[in-house]
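S.K.: If you read the sequences in order, they're chains F and W.
Letter by letter, the first sequence follows residues 0 to 180 of numbering that gives the first Met the number 0.
Letter by letter, the second sequence follows residues 0 to 140 of numbering that gives the first Met the number 0.
Keep in mind that the hints are not guaranteed to be accurate.
[To be verified] In silico EDC-like links for lysine to aspartate or glutamate, alpha-carbon gap of 20 Å or less:
id	chain 1	residue 1	chain 2	residue 2
1	W	LYS56	W	ASP3
2	W	LYS103	W	GLU91
3	W	LYS56	W	GLU91
4	F	LYS25	F	GLU79
5	F	LYS130	W	ASP3
6	W	LYS11	W	GLU57
7	F	LYS130	F	GLU79
8	F	LYS73	W	ASP2
9	W	LYS103	F	ASP132
Quick caveat, the hints were computed from the structure, so don't treat them as lab data.
If you're wondering where the values come from, they're calculated on a predicted model, not measured in any experiment.
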Amino acid sequence: MAEFFINGFLVFLLAVIAIVAIQSIKVFSTVMLAGAYSLISAIIFVSLDAVDVAFTEAAVGAGLSTVLYIAAMKHLPKREKVVNDNTFFALVVCLVVGCLLVWASFDLPQIGDPMAPIHQHVGPYYITNTKTDMGIPNLVTGVLASYRGYDTLGETVVIFTAGLGVLLLLGDGRNNRDENE
Amino acid sequence: MNDDPILRVCTKIIVGPIILFGLYVQFHGDYGPGGGFQAGVIVAAGFILHSLIFGLKEGRKLVSEKINLIIMILGVLLYGGVGLISLYFDTEYLNYSILAHEAKHGQHIGILLIEFGVGLTVAGVMLILFHLFSSWKGDSK
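Isolated chain W (complex conformation):
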């Protein structure tokens, strides 16, 4: 929790663009540098900045621990689920070519989906790590 007005105003201005940049890195990863992992970290960094300045309680109002856990789990399930779709259509696990009528297009959709899964998991884990470390009171009991 920080009461410095400069920090508070700057944080309010900058958190949105950070998350937007994270989304850009996420969905532009096939054309430029980046991808799910980096995007997840950037989005998590936006939320962490918010929690650093406005306090953990405000941060948890934004993303509650339950939603955070669900995001983490959804990412892995999305990744694994895309693999299961390939199995259902009688190809190898994680072969995306059957996701569309054309193999190339299918690959593209598959990459977008699994990168999104990676992004969700990474963002969720990084955010929960930060909250756990900051709210831990030590084992002095």
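Same shape as in the complex, but just chain F:
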């Protein structure tokens, strides 16, 4: 029961932060609220026992993206332009899709249900064999680094490529770089 209230409170906080972030017209407060949103999601991941995901969310979502947004903010005006377009259609689409997603979520298995399809595939193999294959207690690292080594290699190359892409876009012409700062 306590868990229900904690999760409910966290989801409520998420909703409040999201609404305030959309409403706010100051770019800086929107950026900070986005960071707070990530931090609350990280807490939800902890309560779901997904510490590795929570760690990543806190470090990347709440920490680095906020800093990168602040760095990018220098090139933006301080306040958002207020647009008064007709947003009725967008609201209807969001509501319909939201209702569909909630409806679909009734078919999902219970959280932690061992008979759920996702726990019947390769999961049991990893759980029984990580200790004997690698002798390390963190299953997530075992799966990421060894069983799914190819995927992680691809992931690393993707990050590297993203860095190269930004370097080529923003870093090529030496003349539009601020060398004195």
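Following the hints, complete the assembly by docking chain W onto the known chain F.
M.R.: Relative to the frame of chain F, chain W by itself:
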């Protein structure tokens, strides 16, 4: 660049522990939560904090753009290179079991090495992203 003495002193105190914590997350990733990706982000965050407070120029004195690029590239090469070692010893690509006399030990070494590669690349990319975004003057030319 920030002249507030409180921020400057606090930054000086806290940057070291942040990087140390990053290294802990890096090399303790097989036993606790964490791993190369998170560690890279944390180490980069330490350097970014330094650049935020003491200015980009000071930050580039610490890690020049060239070294930053080399770190990025080294990470991917280390990861791919470990795979090549497995190929050389006639096993599957990225099969770490041959890295030591005992398969379990080899796996452990392999995981440490590739996680370090991931950490290097992530830290390098995050740092270069920050520096590029902050030093970009816009396309007003």
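S.K.: Of the hints stated earlier, which fail here?
M.R.: 3, 5 and 7
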